[in-house]
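Engineer: Once you've looked at the hints, dock chain B against the given chain A.
Just so you know, the sequences run in chain order A and B. Heads up: the first sequence begins at 0 in numbering that gives the first Met the number 0, then just goes up one per residue. Heads up: the second sequence begins at 0 in numbering that gives the first Met the number 0, then just goes up one per residue.
Since the hints were derived computationally from the structure, they do not count as laboratory data. Where hints are given, some of them may not hold.
Computed cross-link-like contacts, DMTMM-like style, restricted to lysine to aspartate or glutamate with a CA-CA straight-line distance of at most 25 Å [as the list claims (entries may be wrong)]: (1) 380/A with 376/B; (2) 382/A with 376/B; (3) 1/A with 74/A; (4) 380/B with 18/A; (5) 1/A with 66/A; (6) 380/A with 18/B; (7) 380/B with 364/A; (8) 382/B with 286/A; (9) 293/A with 204/B; (10) 382/B with 376/A; (11) 380/A with 203/B; (12) 380/A with 233/B; (13) 382/A with 14/B; (14) 380/A with 75/B; (15) 293/A with 233/B; (16) 380/B with 376/A; (17) 380/B with 337/A; (18) 380/B with 203/A; (19) 293/A with 264/B; (20) 293/B with 203/A; (21) 382/A with 18/B; (22) 380/A with 337/B; (23) 382/B with 14/A; (24) 380/B with 264/A; (25) 293/B with 204/A; (26) 382/B with 74/A; (27) 293/B with 206/A; (28) 293/B with 264/A; (29) 293/A with 203/B; (30) 380/A with 204/B.
If you want the building blocks of each chain, they are given just below.
Number of protein chains: 2
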Amino acid sequence: MKIDAVDFFYLSMPEVTLEGDGSQDALLVRIASGGHVGWGECEASPLTSIAAAICPRSHGACQAVLDSVLGQRLDDIADIPRIARLVGRNSLDLLQADHTWSGIEIALWDLLGRRLSEPVYRLLSAPSAFPKLPYASLLFGDTPAATLAKGRAMRARNFRAVKFGWGPFGQSSASEDRDQLAAAREGLGPDGIMLIDAGAIWVDDLEAARRRLAALEEFRAHWLEEPFVSGALDAYHALSREACSVRLAAGEGSHNPFMARHLIDHGAVGFIQIDTGRIGGIGPAREIADYAVKRGVTFVNHTFTSHLALSASMQPYAGLESHELCEFPAEPKALAFEITSNHLMPGSDGSLRLADAPGLGMTVDPRTIARYLVDVEIRAKGKTLYRTPSVMR
Amino acid sequence: MKIDAVDFFYLSMPEVTLEGDGSQDALLVRIASGGHVGWGECEASPLTSIAAAICPRSHGACQAVLDSVLGQRLDDIADIPRIARLVGRNSLDLLQADHTWSGIEIALWDLLGRRLSEPVYRLLSAPSAFPKLPYASLLFGDTPAATLAKGRAMRARNFRAVKFGWGPFGQSSASEDRDQLAAAREGLGPDGIMLIDAGAIWVDDLEAARRRLAALEEFRAHWLEEPFVSGALDAYHALSREACSVRLAAGEGSHNPFMARHLIDHGAVGFIQIDTGRIGGIGPAREIADYAVKRGVTFVNHTFTSHLALSASMQPYAGLESHELCEFPAEPKALAFEITSNHLMPGSDGSLRLADAPGLGMTVDPRTIARYLVDVEIRAKGKTLYRTPSVMR
Chain A
0 MKIDAVDFFY LSMPEVTLEG DGSQDALLVR IASGGHVGWG ECEASPLTSI
50 AAAICPRSHG ACQAVLDSVL GQRLDDIADI PRIARLVGRN SLDLLQADHT
100 WSGIEIALWD LLGRRLSEPV YRLLSAPSAF PKLPYASLLF GDTPAATLAK
150 GRAMRARNFR AVKFGWGPFG QSSASEDRDQ LAAAREGLGP DGIMLIDAGA
200 IWVDDLEAAR RRLAALEEFR AHWLEEPFVS GALDAYHALS REACSVRLAA
250 GEGSHNPFMA RHLIDHGAVG FIQIDTGRIG GIGPAREIAD YAVKRGVTFV
300 NHTFTSHLAL SASMQPYAGL ESHELCEFPA EPKALAFEIT SNHLMPGSDG
350 SLRLADAPGL GMTVDPRTIA RYLVDVEIRA KGKTLYRTPS VMR
Chain B
0 MKIDAVDFFY LSMPEVTLEG DGSQDALLVR IASGGHVGWG ECEASPLTSI
50 AAAICPRSHG ACQAVLDSVL GQRLDDIADI PRIARLVGRN SLDLLQADHT
100 WSGIEIALWD LLGRRLSEPV YRLLSAPSAF PKLPYASLLF GDTPAATLAK
150 GRAMRARNFR AVKFGWGPFG QSSASEDRDQ LAAAREGLGP DGIMLIDAGA
200 IWVDDLEAAR RRLAALEEFR AHWLEEPFVS GALDAYHALS REACSVRLAA
250 GEGSHNPFMA RHLIDHGAVG FIQIDTGRIG GIGPAREIAD YAVKRGVTFV
300 NHTFTSHLAL SASMQPYAGL ESHELCEFPA EPKALAFEIT SNHLMPGSDG
350 SLRLADAPGL GMTVDPRTIA RYLVDVEIRA KGKTLYRTPS VMR
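Chain A with its partners taken away, still in its complex shape:
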């Protein structure tokens, strides 16, 4: 069967603030092939990713992503990496292509799963999906008191593991950061799993990261996430050697599997965090899950938006029993939560399970799309290259 249509839906909250909250807008991808439909989500700038999908070509290796997707055969799962290679070749010089393609790739898995009546993880050869330990993913409070309250609230919601990130952390003094860490630990209680996300704030400044190590170890952070930007492998490696109990986590910035491998091999991270909506989709994420096993590193999903993206991010390592932690966006904006009419919620035992349902197992709610849909029009060379489609078909 052929890929008949690929539609992009750009959703946005009425107001988008400057806080580090990636759930304020979304780019959904809907694919139609042979009477079936699949959905995916790019974790990316929506307008820029749409432009990469439909832009006029610059030359043979700088073509719009859709030029390598529309009309392609989609008969079985081997077609997905085949189309990925085509996109990789034809969009080699189009930087944003990796982000655009990621959402498409996810939608192709969802579609094939629905057509074959199998959950995606089973198409990836995992006989069943092991329960994960969800960690509530939060922004730091503006003050230590606010952080403490957030930690307590999450324990009250039955989360044993909580991640605090971004906000003021890393931007003022090491002593103020220590106060935040103390508050986080107090909020979580002594048995809570505390994860800290510096949001790449120190870029590649090893010394700035070093100054926080003692407090991170004192308050028993399980990991320090993204002290540096994805490319700063030398700084990762050096910091990793100096840390005692805290291990480094990174990988969300990987827009291809090579970057994730380098963080493991040359950056010496202990946790590799992969966003299927950026790395090229579910196939490349699965490749990194396998690589992590081989290298003795723990795979973790990265996701901060909808439960569609959450499901996609969990499929690649659903079959890895001992890779247990799982990012769970605990305070998403209404838009992100309402994208699906069903949700992946932790059970009474605190663990999170993928449904044994076809594809990604999630139902996209067209009313949500209609409510938050952004009206976009892109014209070039005398043609309308993109206009926001209708969600009804």
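Structural biologist: Just chain B, lined up with the frame of chain A:
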């Protein structure tokens, strides 16, 4: 003084073919500040790069590039890396931002050079610009006979060094590639410097590259460029160890300095090729030139479009006497050649010199812009975010 205006001009040939010729369109950037104007060029998909410049923000670390540029102070050269850090932080999750920013950064250097009446290389502390040995950068002919004729034609045009790339090379058998290499060598004569560009055709397939090594050494290729994609560091490293006389060249895909450093440190390339229109502009390119010196690797510019881009690509290593080779687009499309009314042409001794003139020393021709200008309009959230500007101001 403040940055008052940043305008993007998307130019295109009437027809854009699928050949690997990056001179078929262009994205020019014009910046105005305090009565001065500077010009730069992104080596990137024009429409996608414009979208990254003006897109609605997704969150604090996924903002449009111009949000960190417009209104910024531009008093001296230290402002350029300062604005670069701002873009890096505010557009961390916007993949295309690196390509968009590259053209802006180049325009900032051009503007400051004009304001201070100094060539950019002198602002970079090079007292003078050493002559370079330009190599004619060509696509392989469709047949060995066509390649042979191209080689002869370039020798007749006084080019001692010629690079053949893309086209059929690497896509058929090793034996057919050998015929192409034999023809290239015959066309260049025994004393010609022969450079071969595989255009990343083997992705990360070490074995495919290996099968061509013997012929590359037999016909004395000076370098083999991009056997693999930029991220395939392990494959680069392995191939580099197996090669005897031929050295590896790569780096044009680097969209930040980290990637270039990794190709040197982990990929073991002998030549690092930097496109200022992709890596983040002239500052990061200069950083890699310094790093190459430290690591005993040769820096080479990468450029395949206009003489504005050629000048920008030469500034970062103008002061390095022994890093002599220089890419010269020998068969650009009319659009690319006509972007500037003056040109950097090899002298009668065959060498290429940057002019001792303010900024990049190039004069952009508004008639060319008017002739090739693409009409673009981008609307979102009820606003016109971009409309092709007038070149007159």
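Engineer: Given the hinted pair residue 380/A and residue 75/B, is their alpha-carbon gap at most 25 Å?
Structural biologist: This hinted pair is violated, its Cα atoms lying about 38 Å apart.
Engineer: Please verify whether residue 293/A and residue 204/B have alpha carbons no more than 25 Å apart.
Structural biologist: holds, 21 Å
Engineer: Would you check the hint for residue 1/A and residue 66/A, treating anything up to 25 Å between C-alpha atoms as holding?
Structural biologist: Satisfied, since the Cα-Cα distance of roughly 14 Å is no more than 25 Å.
Engineer: Would you mind confirming whether the straight-line C-alpha gap from residue 380/B to residue 203/A stays at or under 25 Å?
Structural biologist: violated, 36 Å
Engineer: Would you check the hint for residue 293/A and residue 203/B, treating anything up to 25 Å between C-alpha atoms as holding?
Structural biologist: holds, 20 Å
Engineer: Quickly compare the C-alpha distance for residue 382/B and residue 286/A to 25 Å and report which way the hint goes.
Structural biologist: violated, 42 Å
Engineer: Sort out whether residue 233/B lies within 25 Å of residue 293/A, counting only the CA atoms.
Structural biologist: Holds, at roughly 16 Å.
Engineer: Holds or violated: are the alpha carbons of residue 380/B and residue 337/A at most 25 Å from each other?
Structural biologist: With a Cα-Cα distance of about 20 Å, the restraint between residue 380/B and residue 337/A holds, given a limit of 25 Å.
Engineer: If you draw a straight line from the CA of residue 380/A to the CA of residue 233/B, is it 25 Å or shorter?
Structural biologist: At roughly 42 Å apart (the allowed maximum being 25 Å), residue 233/B and residue 380/A break the hint.
Engineer: CA of residue 382/B to CA of residue 14/A, is that 25 Å or under?
Structural biologist: Roughly 15 Å between the alpha carbons, so the hint for residue 382/B and residue 14/A holds.
Engineer: Holds or violated: are the alpha carbons of residue 293/B and residue 204/A at most 25 Å from each other?
Structural biologist: holds, 21 Å
Engineer: Do the alpha carbons of residue 380/B and residue 18/A lie within 25 Å of each other, as the hint requires?
Structural biologist: Roughly 20 Å separates the two Cα atoms, so the pair holds.
Comparing the model with each numbered hint stated earlier shows that hints 8, 11, 12, 14, 18, 24, 26, 30 do not hold.
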